[in-house]
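**Q** Below are the chains, spelled out letter by letter.
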Amino acid sequence: MKHILLIDDNEIDNFINKKIVSKSLMADLITVLNSGIDAIEFLTNLIMNNEPFPELIFLDIQMPEMDGFQFLHQFDNFPEEMKVSTSINMLTSSSNSNDIKRASECRYVKNFFNKPLSAGELDIFKTN
Amino acid sequence: MENNANEILECESQLHNSFDNMLEGVQIVDSNWRYKYVNDALTKQSKLTKEELLGYTMLEKYPGIESTEMFKALQQCMTKRVSNYIETEFKFHDNSTSWFNVSIKPIPEGLLILTIEVTNQKNAEAQFQESEIFSSAILSSLNSHIAVIGSNGGVLMVNKAWDDFAKENGEARNNRVSIGSNYFDVCKKSILRGDLYAEAAMEGIKSVFNKENVNFELEYPCHSPDEKRWFILKVTPFEGEAQKVVIAHLDVTQHKMAEMSNKANETKYRRLFESAKDGILILNADTGKIEDVNPFLVHILGFPFNYFIGKELWEIGLFKDKEASKTAFLELQENKYIRYDDLPLKTKEGKHLNVEFVSNVYLVNEQKVIQCNIRDITERVAAEESIRKSERRLIEAQEISHTGNWEMDLITNVSVWSDGFYNILGLKRQSIPPSIEAFLDLIYFEDRANVKKGIQETLNTLTTSTINFRFIHNDGSLKFVYSECQFEFDNKNIPVRLYGIVQDITEQRKVEERLELQNNELKKINSELDKFVYSTSHDLRAPLTSVLGLIDIIDENILPTDIEQKELIGMMKQSISKLDNFIVDIISYSRNSRMEIEKDIINFEELINESRQTLEYMEGDSQCKINVDVIQIGKFISDRTRLLTNLNNLISNAIKYQDKSKPNSYINITVHSNDWNAIITIEDNGIGIADDKQERVFEMFYRATKLSKGSGLGMYIVKETLDKLNGTITVKSKLNIGTTFTVTLPNLI
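Residue numbers (my numbering), protein chains in the order written: chain A, 1 to 128; chain B, 1001 to 1749.
Read the hints as simulated data drawn from the structure, not as lab findings. Hints may contain errors.
Claimed, not checked - Taking lysine-lysine pairs in the DSSO-like style, the calculated list, with each CA pair at most 27 Å apart, reads:
#1 B/K1510 <-> B/K1452
#2 A/K23 <-> B/K1566
#3 B/K1724 <-> A/K101
#4 B/K1578 <-> A/K18
#5 B/K1523 <-> A/K101
#6 B/K1578 <-> B/K1719
#7 B/K1524 <-> A/K101
#8 A/K126 <-> B/K1625
#9 B/K1566 <-> A/K19
#10 A/K19 <-> B/K1578
#11 A/K110 <-> B/K1599
#12 A/K101 <-> B/K1531
#13 B/K1724 <-> B/K1635
#14 B/K1719 <-> A/K101
#15 B/K1206 <-> B/K1189
#16 A/K101 <-> B/K1635
#17 A/K18 <-> B/K1573
#18 A/K19 <-> B/K1573
Stated by the list, open to error - Heads up, incomplete: computed chain A residues facing chain B, CB under 10 Å, no partners named:
#19 D13
#20 F15
#21 P116
#22 A119
From the three backbone atoms N, C-alpha and C, an ideal C-beta is built for every residue, glycine too.
Model the full structure from these sequences, guided by the hints.
**A** Here it is in structure tokens:
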């Protein structure tokens, strides 16, 4: 089963991302959350319920309260065995190279996408 | 009888006639002492006339005569009838006395008395005797040893001093020169012993006897066993008698000693004069002209000795003219002393000397002499001048740099503060004397402990310590000072002196504080601007990307047959992309101008790939064949973000302006990098740029072709970024043929 988690505070972007992801990646389950805090809570619940983490997480960087980096920091605290099969993909509309640098320091971050997410960009996941 | 009587009378008369003319006084008295005959000479002697005497008795005429010597002799002759002779002094009535030689002869009538007055002879004799006694007394009383010798050398007379001296000297009796001995023999004995003085003395005495010399003098030493003595032998011919000479030995020891000490002094003085390291001039006190000059002055001035003699001081350049020389001379006459600390003097070679000049007047043998001492102080003056100069420079330097120096003698507790030090504190030198206590008092109380700690540290580490602290200025304000201090140690490693400098850095501090404030403000502004740009890039672009995403979704849902809808959607995408690109450009520009250069390790292959990925979905990308050829030798350092922006711009331009009419659009990207630089070329066969526009493509907001959909910022940003990285960019292009951009980038390794 393929579980994909979308985290973005922008409802429209969430809508777009969900559309694109659901169309191009044959996901079994797409969870959409609009804050980092919700996402951490969601992942914590997964651990408590002994359920696996999503295989893919699309994470927006610029979010209120807890931004993408803070989320990554929190994510780092989760048990290793939970995270091992998860890859995080950053979404940004700033194309700020510092952001890219910072995000790359987290070893679960695998890709970097400029918004809007396009169907073509997601082709890299299809090969798997 | 009568004849007889007449004969007698005649005879008597003849006798009287012969008596009359005699020089001796003649008188005949009878047995009753009655004058029977007196001649003229007698009347002169008796001071009575013939009439007053003849017929009268001697007792009548000279009452009291019976008690005189003369009368006794007369009586004796009268009674005994024998001739008598007497030399006697006779006293007259007027109390005058006369000496007479009296011859008395008894004659039948009575007595014949012949008298010769000898008063004069007698007086002369007495005088002679007196003078004899006098001379001998003088001779005896003289200290000089005097002897009279005859021409054969026989000693005729010696005085007491001579005799005493001979005795004192312990001369053997047979060797002693005294009356009866021979002076020449004594001399000869001495000559045989090798006494050269004796030889000279003998020659001299003989020369006087021979009248070769009027007199003769010889000075000779005659040392006794326990004292040094000198004598002068004086030989003078005896007055009137050529065959006698007077020999006098005068003791001149004291004279000689004085003379010798004079001579010694003079020798000493002369030696001083000759060897002195001061120039010395001796002037005539009356004329002021130079009489002597010592060798040292001759040496330093280079003129010959004779040059100086007879000249006045101004003539050798000591005073500027005769008038000045005269003034000095008068002052010298008056005060007996003048001194000039610095007079000019010129050597023969024309070199200027500074001399110290001291002159004084003193007496030598009752003779006024002026001595001038001249010391060459040229070097001292030069040294003093250079010290003054450097002191002045130090003061100026301290004034300009707002520094001061201070020192504390730890042994004597004496402190010294420079003018600069006082200036920093706004204090007058007279208002507060320097001391350790005052120094510490002037330090702002909060900093005092720190300063003491710093000084202690200096003592511990033996290094110069640097302390920043605050002084209390005279006006109450605080002065920030930078200070360095250092100890000086004696050979036993005991600190003897603490010294240091202080620099007023109050102004500097103010500027620094202002700068810091401004810097902080700038940093704040910068960071705010960065945040602003960041959020702008997000907040402006986020809605655009959302719209683009939504359009994509709509586009998916439109059937390919609905061409009109497709076109409209396409135009919407274009417009939004244009706006988005513009925002991206502005952000890049703003970031480039603000951000510091980052030094990243560059892998050109990877960098170009990243750029390609970014541009992968760009319109026209797929119609373009992109060839990459990278030759990277060694490590290359540059600012990765800026480099990527440049590559994106250059490559995207090449894609954008491809010539759609050409079937084989291509872009050749080559990189050649080494330790010094990297040369990147991006060559295309696109539409090309007209010659007249090539130079302008790097201008802000310049768009070379109407085909341009961009902001006109792309190439401007490339140029600006390369300027920042000390790189260059050149363009080669031909309209309708293609364009080649060549970037040269230094390796920031």
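**Q** Are the hints correct? Go through all of them and say.
**A** Do the hints match the structure? See the list:
For a cut-off of 27 Å, the pair hint linking B/K1510 to B/K1452 stands: about 25 Å separates their Cα positions. Restraint check for A/K23 and B/K1566: the C-alpha separation of about 20 Å stays at or below 27 Å, so the hint holds. With a C-alpha separation of about 22 Å, the suggested pair B/K1724 and A/K101 falls inside the 27 Å cut-off, and the hint holds. The straight-line distance between the Cα atoms of B/K1578 and A/K18 is roughly 26 Å, inside the 27 Å bound, and the hint therefore holds.
Restraint check for B/K1523 and A/K101: the C-alpha separation of about 22 Å stays at or below 27 Å, so the hint holds. About 21 Å separates the Cα atoms of B/K1578 and B/K1719, which keeps this hinted pair within 27 Å; it holds. For the given pair, B/K1524 sits about 23 Å from A/K101 by alpha-carbon distance, which is consistent with the 27 Å threshold. Proposed proximity of A/K126 and B/K1625 is supported: the alpha carbons are some 25 Å apart, at most 27 Å.
With a CA separation close to 20 Å, the supplied pair B/K1566 and A/K19 stays within the 27 Å bound. A C-alpha spacing of about 25 Å is found between A/K19 and B/K1578, which places the hinted pair at or below 27 Å, so the restraint holds. For the proposed pair A/K110 and B/K1599, the alpha carbon gap of about 25 Å is at most 27 Å, so the pair holds. In summary, the hint linking A/K101 to B/K1531 is supported, as the alpha carbons are separated by about 17 Å, within the 27 Å threshold.
This hinted pair checks out: B/K1724 and B/K1635 have alpha carbons roughly 20 Å apart, not beyond 27 Å. For the suggested pair B/K1719 and A/K101, the alpha carbons sit about 25 Å apart, so the restraint of at most 27 Å is met. With a C-alpha separation of about 17 Å, the suggested pair B/K1206 and B/K1189 falls inside the 27 Å cut-off, and the hint holds. As the CA atoms of A/K101 and B/K1635 are separated by approximately 20 Å, the hinted pair is consistent with the 27 Å bound.
The straight-line distance between the Cα atoms of A/K18 and B/K1573 is roughly 20 Å, inside the 27 Å bound, and the hint therefore holds. Only pairs whose Cα atoms come within 27 Å are accepted, and A/K19 paired with B/K1573 is accepted, the gap being roughly 18 Å. Hint on A/D13 holds. Least Cβ distance to chain B is approximately 6 Å, under the 10 Å limit. The beta carbon of A/F15 comes within 8 Å of a beta carbon in chain B, closer than 10 Å, and the hint placing it at the interface holds.
Proximity of A/P116 to chain B holds as hinted, the smallest CB-CB distance being about 3 Å (cut-off 10 Å). At a threshold of 10 Å, the smallest CB-CB gap from A/A119 to chain B is about 8 Å, leaving the interface hint in force.
Violation of the numbered hints given earlier is absent; every hint is satisfied by the structure.
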